[in-house]
Every structure is written in C-alpha cells, then in structure tokens.
Amino acid sequence: MYSNLWLIPFFPLVGSIFNGLFGKRIKNEAVIGGIATGMVFLSFLVAAQNFFKLLGDTEKVHELVIASWISIGNLQINWELLLDPLSAVMIMVVTGVGTLIHLYSIGYMHGEEGYYRFFCYMNLFAFAMLMLVLGGNALVMFIGWEGVGLCSYLLIGYYYEKKSASTAANKAFIVNRIGDFGFLCGLLTLFWALASKGVWTLNFVKIAESGHLLESGGLLITVVTLCFFLGATGKSAQIPLFTWLPDAMEGPTPVSALIHAATMVTAGVYMIGRMNGLFAMAPATMMTIAIVGGLTAFFAATIGLAQNDIKRVLAYSTVSQLGYMFLAMGVGAFSAGIFHLMTHAFFKACLFLGSGSVIHGLHHAYHHAHLHDDPQDMRNMGGLRKKMPITFITFLVSTIAISGIPLFSGFFSKDEILWWSFGSTRGHWMLWVLGAAAAGMTAFYMFRLVFMTFFGEQKTDARAKDHIPESPFTITIPLMVLGLLAVVGGYIGVPAILGGANRFHHFLEPVFGHALELNHIAAHGTHATEYTLMAISVAIAIVGIFIAWVMYVKDPELPAKFVGRFTAAHRVIFNKWYIDELYDFVFVNPCKKIGTFLWRGFDVRVVDGVVNGTAWVIKGLGAGLRYTQSGYLYNYAVAMVVGVVVIIGFYVF
Amino acid sequence: MTADSSLQFPLLSLLLWLPILGALLCLLWYKAPAASRWIALGTSTAVFVLSLVAGLYSTGSAGWFLYEDASWIEHFGIRYTLGMDGISLLLIILTAFLQLVAVVISWDQDKFSALFFALILVLGTGIMGVFLALDLILFYLFWELMLIPMFFLIGVWGYKRKVYAAVKFFLFTLAGSLCLLLAVISLHLLHGEQTGVYTFALEALQQTRLSFSQEMLFYLCFMAAFAVKVPIFPFHSWLPDAHTEAPVAASVDLAGLLLKTGVYGMIRFAFPLFPHAAEKSLPVLAVLALIGLFYAAWIAYLQTDIKRIVAYSSISHLGFVLLGLAAWNQTAWEGSLLLMINHGVTTGALFIAIALIHKRTGTREIAKLGGIWKSQPNLAAFFLLFSLASLGLPGLANFSGEILILIGTFSSNAVWAIFAVGGVLFSAAYILRMVQGTIWGPCCEPFDKQDLGGREWLVLIPLAVLVVILGCYPQPLLDSLREPVSFMLRQGGQP
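Chains A and B are the protein sequences, given in the same order.
Under this note's numbering, think of the first position of the first sequence as 45, with each following residue one higher.
Under this note's numbering, think of the first position of the second sequence as 360, with each following residue one higher.
Okay, chain A solo, but in the shape it has when bound (with noise of 0.2 Å):
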C-alpha cells in the first residue's frame, strides 16, 4: 500500500504555517532554516521510500483517495493523489533538489530580513509543487498549478521594497495567467468532450482510459491539446509567453534555483507528459509543441550570448533548456523529456546554486569595502576560480554537462532528444538543425560564462578583491552534491546504442507505452545515422566551447571588436529581440486604453451621464410641476375634470 503517500506534501506544508505563524517570533535562524530544510528532507524520505517501493511492485499506478471536494451530480471531485513512474520521478527531484536548496538557503539567507518568510514561502511552494506533481485530478493539479505560481509571485518579490522587484512579480502572475487562461479552457473542453461520451471525469486515470473515445487527429482533441500547451508556455516560459522568467530573477537566487530552473517551470513539460494519451492522438499540437520547443531553445539561446548579468544568462538558458524538452515532448520522446528535465533540475540548479554562491562572495566583499557595485555584473568578476575551488570546480562540471559533453548527465539526455527530433516519426531534420544550433550556442554562452568569472584577470574593484570568501559549507555542500549528480545523473539513462539498459526509459514506459505506439524511431533512423548525429552535435559543442575561449580567454579585446563590426545584431539579442516592448505596444498598452475609454468616456460620460441628466430632467420637472401645486381649488378641479374625461373618453373608444 502507497497510503502514506499525503505525507509527501503535508510535511512542507506544516513547515510553512509553522514558520509563517511562528517564524517572526522565533528569530533563530538556525530553527527556522532548520524546520524548514528537516520538513523538506522528511517529505524526500517518504518519497524515496514510496520511490523504491514502486520500482519493485509490479503495479505501477497507485491512487490515493484523501476526500472529497466537489461532488455534485455526476461531478465528482476528490482530493486525491496519483503515484505512477512519472509522479515518482518528480517528486524525487522535488524533494531531492528541494532539500538541498534549501539547506543552501540557511546561509544564504543569512541576515535577511524576513528570514522566515522566505521558508515559509519555499516550503508553501514545495507543498504546492508536489500537489501539482502527485495531483490525481487536472483540479488537483490546477490547486498545484496556481500554487506554485502563487509561491513565485511572493518570492520574486521577496525584496517587495524594490520597485523592480514587484513589477516582475505581478508581471510572471499575470502572464502565467494568460497560460491558465488556456489550462482552465483545456480542462472545461476535455470535461465536456468525455461528459459527452458519458464519462464524467477529471481524472488522469480515467481520461488516459477514455482517451480513445475521443477521434483521433479530431478537432476536438487538438483543441484540447493546444488549450492546455498555452497552459504550458506560460508556466515553463515558452514562445510566446517566455518574458516573465527573465525578470523573474529579481527574486533570491535559491529561487531561481529552485522554481525558476530546477522544478516550477518544468510544470509544463510534466503536465503534457501526464496527458501523454492525449497529445499523442493530436499530431497538429506535437508539431506545434515540437516547433515551439525548437524555436524557444533557439531565440532564447541566441539571447543568452550577450548577457552580462550572471542571472540573466542562465535564465535565459533554462527557457532555452526548457524548449528542449518541449521538442522532445512534441516529437513523441516523452521519456526523453522527462530525463532531460530531470538532468538539468540538477546541473541548472548546481549552476545558479553556483551563481548564488559567486553573488554572495562579491556582496561580501562589496559590503567589506563599502562598495555598491552590481555583484551579479560579470563584467566586475574574473580569476574567481582561485577564491572559490569549490564553487568553480562544480560550476565548471555542470557547465560541462549542459554543453553536452560525452559522460557528463546532460549529453545523455540532450542527446536523446535530438535523435528523436530527427529520427522519430514526428521528426524533421529541421527541428534537429534548431536543437543542435542551440547546443552549439549553449556550450559558447556558458563557457563564456565560465571565462568570465572565474578565469583570467580579477576585475573586480581593487578595495574588493581581496575580500573575496569560498562560501561557508551549507553552501558548498548542495553544489558537490548536485555537481556529483550533474556527472552521474544521467547513467540511469544510458541510450541503447551506447551499451546501455536506458532503466529510466524502461521505468516510465508503463506511463508513455501507449503513446510510444504512435509515435517511434521512423525506419530511416539506422545506426550509422544515430552516431553521425552524435559526432555532429558533439562536434558543435566542442566548437562553441573553442570560441568561447578564444574569445574570452587567448583574445579578450576580441568581442569589444565582434561588437563594433555587428552593433545591430548585438543590439537586437541585448535587448531580448525587443519582446517586451512589442508586447507593451501591441496587448499592454491598448489595453490601457480602452479600459481608461470605458472609465472615463463611457462609464462617467454615458452610464453615469444618463444617471445624473435624469436627476436633472427630474428636478426641472419638479420646478416646472411646482407651479402646478398652487393650492386653488378650481386647479385641481379643472386637472379632475380633465382627467375624468381622458378615462371615460379611453373605455368608451
């Protein structure tokens, strides 16, 4: 029996109302960071148990009723939770990466104000990530869904003194709800197309057996799919809705580590993987979703190579990640996805753990020498990599695994994803061309990254630069241990053609067996093809990796000069392609508008005008109507009169 499988979330969720009713009071760090990190660590125990238990059961679906929700008619609505492989995988990640950023928080939070809020929200999101994940109902996973959205909107502007810190928050609430927008029209259109057919469900169980009822390639089931891939763009940051993650960094770094790389916006690419059934029988939204995944990992790629705020770049690279496994979920690699999502949840978040622990040092030095230089600026950074061993040697071993080195996690799975962007039934060499493009550029913006702040010389200000510290251990210790995983992770995943078992495609093949009968490795993809493919896209990532140093480390004036020759190009991708101010042109600001033409022109003019002109109409019939009330009798008389004959006069004609 999985009955202990509420435990899960509750423990996360118990941390946060402690440390949101109590935490204020508490004022000891070291308790609330401790709650906070043990509730989280509890919640990865039980996970893990249920983990193992399920990988040696033989039946891999297990749902757990706790109550019932919403129950009106043939509507039934529980609050219940599903444990399959897929769920099983995310919660480890959940809590696995969970516990080790926040355990990383307890130093780096250190001394802020607000220290309990900040675990009391991290904990409220690790609740409603794993309602979204373990969620047995697409209601339970909208609680989830919304939740965590909710969590990023707080922590994003956790510093809700800034200005800048707010925007962005209500800017990522307000653009993932235009994702909900099509999340909730996804769920009322399935609902009602099942309903249809008599099946009266929310439930994942349910619709995957019902799936077939619906016409395959119909219209019904693309508009579905399509509703709920909106959902999933603005979640997980893809064209068109990828604008708010960027921003989003105004919010402590462990956050982007944790909900801006390693988990909230993988939502997306979990939600389609959970409705597999679906998407799979909707051949017009895989191309779509295999298209929009290869466009985002491309654009935002392109983006990443002239950054130079430390945060921005590795944004940037997850919304680029993230389009990669919307190409793998869009051309039928659901397992594929899911391991590339479970890979780089843990080198993105070694990487920004990294990113925190580099920030930390400069502000420390900064704040030593009274100096308010921007400490995520990598143009004041250099030569760290003597300051900090530790950070830069797992920062330089996750890089490597995101530039899709052979052995490292991240080649497994990137290069999974772009075999089957080739190869698979729903492949074209042009989705392969776009993935293996933004590999290359990867690779040279990371290790541009990499050069520019731990190697060659220290640019930081000469009062700084020699009171730069390595981190304390609660900060050391989640960078190896992610690290570590960042180089081993993806042994689970060993591919077939590389001698391996591929355990992790065989775990989840009871979630994406059916949908794999749809969507395969076409018969043109051989062998000799597969190992082209992964000698080409090694090839361009050791090339990217090779400019990178040429121009970051051999020839440093170098792309002062690059800069000089292509000023609009590099305009164009410094500023982001100019995305946010063609959105503010075309949706923002007529909205505006209209709402101040329906306020002020017609609301007050016309509603309100109507109103008031009546009052006035009224009060000069009552002056005229005054004189009517002389108070002689033979008025009245005469008005009787009259008023007699008009009645006579009525019944009579």
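Please keep in mind that the hints were generated in silico from the structure rather than gathered at the bench.
Beta carbons are placed, not taken as given, at the ideal position from N, Cα and C, and that holds for glycine.
Any given hint might turn out to be false.
What the hints assert, rightly or not - Some but not every residue of chain A turned toward chain B, in silico, with C-beta under 7 Å:
1) Ile116
2) Phe186
3) Glu190
4) Phe217
5) Gly639
6) Phe641
7) Asp647
8) Asp652
9) Val655
Since the structure of chain A is already known, use the hints to place chain B on it.
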C-alpha cells in the same frame, strides 16, 4: 411544496425580530454609547447562534424545513409567511455572520453610536426578511426596509461625497422597487380575477395564467428591481459611489448581502413566477453578465482608490454569478450560489482590511499607499490572503464557486464559458495592481504604526479561516443547495 404546519417554536420570527428588539434597546440607551454596542453585539451573536440552530433543522430536501404562516391583513389577502430552505439557510447564516462582523468592526464608532448600531440591526432584519418572506407584499416591505437604514448609514456616517452617494443609491433602488411593487399588485389583481382568491402568496401566484407578453412585462418589472441591486450592467453606477463613501460596516453589508438579495429575488421570485419570460431572457442575461464581468474588471484596473477597485470587482464577480444563473443547470446554479456566499465573505473581508489600512494611513489612494507589509505585516498578510481569494486562487473561497460556474456554463454554452475564463485573467491584473500599490513598495509611513489589535484579530481570523474552508471543502454548502436548486430548475422548466 409541503409545509410542516405543526405548531413549532417560531424560530424564523425570532431570527427576524430579534434585531429590531435590539435596535429599540439601543435607542432606549442612546445616552450610553457603550451600552448600545454591547446590545448590538449581544443581539447579533444571538442571531448568529439562532441561524446555526436553524441549520440543525435542515433535511436536505427541497421543501421548507422551517415554515411560519399567519394571517396578517386579511382584507387584502396579505399573509405573514416565512419559509426556509437550503438556499435561504445559507444566506441567513451568511447574513448573521457578516452582521456580527460588522458590529465588531464598528466598535469604535462614536458618532451617534446608538443610532448607528440600531440601523445596522434593522438592516439585518430587512435582509433576512428578504431571504425568508414568501408573501410578495411581505417581501416587498423587507425589500424597502433594507433601503432606509442603508441610506442613512451612507448619508450620515460616510466619507466625503456621502450625500450624493446616498441619494444616488436611494433613487436607483427606489426606481427599481416601484416597478416591482406595480407588478406585484397587478399580478395579485390578475390572479384574483382569474380565481376569485386575492392573495400575495408566492406559490398561489405561480399558478396565475399569463399570456407571454403579460409574463414578459411583469418579469421585466421584477427584474428592474433586482437588476439594480445585483447590479447588472448598465444599472451599476450607483455601486462604486455607494461603496466608496459608505462606512466599513455598511460596505460589508452592501457587498456581502445587499447585492445578493437581487440574485435571490431572481431565483426565488422572478424565475419561478415567470418561467417562460425567464427562459427567453437567458441569453440577454448571459451577455449582460459577461459585459459586466469584463467591463467592471477593466475599469477596476484603472481605479486609484483601492476601495473603488474592490467595488468594481464586486460588479465583476456578480457578473460571474449571473452567468451561472443564465446557464440554467444544476452545476452552474450551485456554483453561482456558492460564489455568492464566497464573495460575501471575501469581499466583506477585503473591505474590512481596507478600512483598517485607511484607519492607519488616512488614505486609500494607491499613489500614496505602499509598504504596509513593512509597517503592519499582519494586516498586510490578511489583505494579501483576501486579495488572492478575490482573484480566484484555487484552494481559496471564490475559486470553488467559479470553477463550478465554468463547468456548468460550458455544458450550456461553451462560448460564454470561454469568455468567462478570460475574465479570470483580468481579475489577476487589477487585484495584483492593488496589492502592489498597497502592501509592497517602499513604506508610506503610516501615522498609526500599530499592527492589528485584539478586536481586529478577532474579526480577521474567522474570516481567513472561512476563506480557506470555503475553498477546500465547500461540500456541506453544496449539499444544502442540491435539492432546492434541482427543484427550482425543474420548476422553471429546462430551456
């Protein structure tokens, strides 16, 4: 509908007249302000307890589980008939609860406090009467009775433009009510001519044979009164003014309860009495609901006074409720009624939080507010919670109603539902703008640095708990609504 006519304890009458008694006592002790608030507190607590006791009688079936009937003005066939079913039960409990909240939150009221509390109590009688009356004249009297205390509450205890707001409110609702009265009397006469029995009893009048045009005419007259109260676009313009100028207790009652009497009037009187006209009007109703939903949300986004934002948000939410009614099926109706309760709690709570902020900062202008989180973190946290409920965060109060309305509406008309989902998007925009301007940002240096006091905790905690419970476990309410709603839908005939 059968009534249990055995002699039983007149619980409904007690509920109804206890506040009037309290009001009289308040006025008797007008020289001692402290006495009047204790009387008001005692009375409203007693009423609240009684309303919960009434819930114990609930059978879950469609009929009146509490019923009182007595002859009153026999010459005109006017009777004193009260009845409570699952729908009125919930609304009565909500009324009693918000009344109690209104009294506690007005504790510091020292301007004519005896009169103030007396009016609040009388208002409670009016509202509960509307939810209980089954005789149309009795209903009309309570309907008008709500008007008078509210007029004075706004006009005397309001803010700057209180007189303008009070008069506007009064004239708007009065104009609507007069149509209602005319229609009631005409219906009474028509029924009398047909059957020889002159009565105002709801059940009897339902049997009146009407031509379609007569039915439509009467229906429109009834709806005129109800549409103003809800308010349905374009009869809404009294509401933002009334809300902005009203004292907090009146705002709570106005948003939490008065608006609901309009919806209640529709489902209890207008729809069952004139089912064919109602059926014909549903598409119009749905379109007006959607316009209201968007229009109010859009305008709310641009308001600079946070109380006005919430006022417009009420119009928007009631648009949601109305849409559910127009969808005319079990799920949507239960959703609508649930959302009414939810909205009563969340909006009432929001108005209270805003009043507490106003008390400390002396302003409600977004431009002048900010950083409440720093100066008063507890107050800010409550404000945030209620705001999130208002924007429809799943797991909190409003969402449970909204999702049912959406599911129900979708099966009647998918296009309406899709538009309504779009409305959800808008609510996030204006609510978050309000939150950002109020509690985030640099501190605005309130002159009163006090965070929540004991009495304020006492009010806010139950509200917060309710907001969570209504979101996570609305089932008891839905159970109470199930049979009455299903009965009403059958009565109205499926369109």
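Which numbered hints are broken by the structure, listed smallest first?
-> Those not satisfied come down to hint 6.
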